[in-house]
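Going down the list, the sequences are from chains Z and W.
The opening position of the first sequence corresponds to residue -10 in my numbering, with each subsequent residue numbered one higher.
The opening position of the second sequence corresponds to residue 4 in my numbering, with each subsequent residue numbered one higher.
Don't take each hint at face value.
[To be verified] Calculated cross-link-like contacts (lysine to aspartate or glutamate; reagent style EDC-like; alpha-carbon spacing at most 16 Å): (1) K46/Z to D99/W; (2) K6/W to D48/Z; (3) K111/W to D14/W.
To be clear, the hints were calculated from the coordinates, so they are not data collected in a lab.
Everything numeric in this text was worked out from a predicted model, so none of it was measured.
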Amino acid sequence: DGGITQSPKYLFRKEGQNVTLSCEQNLNHDAMYWYRQDPGQGLRLIYYSQIVNDFQKGDIAEGYSVSREKKESFPLTVTSAQKNPTAFYLCASSRDRGTSTEAFFGQGTRLTVV
Amino acid sequence: DAKTTQPPSMDCAEGRAANLPCNHSTISGNEYVYWYRQIHSQGPQYIIHGLKNNETNEMASLIITEDRKSSTLILPHATLRDTAVYYCIVWYNNNDMRFGAGTRLTVKP
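So that you can see chain W by itself, here it is in the shape it has in the complex (with noise of 0.2 Å):
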């Protein structure tokens, strides 16, 4: 079973932020969080990972709480493109990883 819990859907009005959470609370302390997104009917899209700091790269931030048992995936300015459904992953060293149902993010013009 996944090891995450996300929303199974959300709306964002376009050129707003998306905020998407993630609830990871038996995460262990080599486990990194990894973002999916897949946009229908094609493989999944890696989007950004972390293990205790923020990340920031060019599609996305990732804000992962200090307990490390949820994090918060945002794209700063939606746009229709974004939309998709959006998987949020703990993950280490190559072993088994498994997706949950993710968060179907539509973003509204």
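Extracted from the complex, chain Z is given alone in its bound form (with noise of 0.2 Å):
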């Protein structure tokens, strides 16, 4: 079946811990998203790739960084440096740029910190 994937659901690290949340993709779309979600808030924009190779801050990238070495993939690593780790992350997927085209996500990974 196609569609995103994001592994794994739950999540538990220590405080000063990397920790790296996986995003993968079989739908051939180019871009990729990585959102955060904290209770009863909406989804914030962390880093987004329009196309392999290439990715943008959003609105909260201090404390994470990520890579689009593959089409199909697009890894999150929450580092030490982010002062509030736990949160619901989410994943997303679309088409190629151009037209109109709908955002697939994915069903999150709950990250805590302990």
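From the two separate chains plus the hints, produce the assembled complex.
Here it is as structure tokens:
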């Protein structure tokens, strides 16, 4: 089945450790996105990538890093510099530029830092 | 920052139409209006999108004003399973896709 997969669904880490969240899509989409969601809040954009080997910061990029070495993969690293990393993280993808297109979301990773 | 404003919450009786408004007064000529919804702790689900004309699909209808500064999502016969947070977004060309706080719709029996 085609789709976008985030793993793991739940993740626990100790404070001060870096952690990498996986996002994989087999939809052949060019663009991919990472969002953070805190309880009762909307989605905030962390990073997005319109094409392989290129990405841009969103509104809350500090303390996060990404890479886009392959079209199907857009991993997010939550570094120790992120002051409040506990949150629900969502990944999305969308197809070619230039026309109207919908974005598909993964089911999210809930990160808890203790 | 999100380019849209929505009421924080709305209620609707089961079986009635739910009309969710969205203001996007700074929308650009090539930006589309998209609607998504998010049921608790899941990824957002695409509902519908449009540019200028009104649109309808199996889930909902989208009414966009002639000046494109606002739109309304209509769920024609709301069910309890439509209880969710509904997000209105303006977006084009795989650029940054920003969400606001959305509208929490509660469908009541």
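Status of the hints after comparison with the structure:
With a CA separation close to 9 Å, the supplied pair K46/Z and D99/W stays within the 16 Å bound. Restraint check: the Cα-Cα separation between K6/W and D48/Z comes to about 13 Å, which is no more than 16 Å; the hinted pair holds. Distance restraint check for K111/W and D14/W: the Cα-Cα separation of roughly 7 Å lies within the 16 Å cut-off, and the hinted pair is therefore satisfied.
Against the hints set out earlier in the document, no violation occurs for any number.
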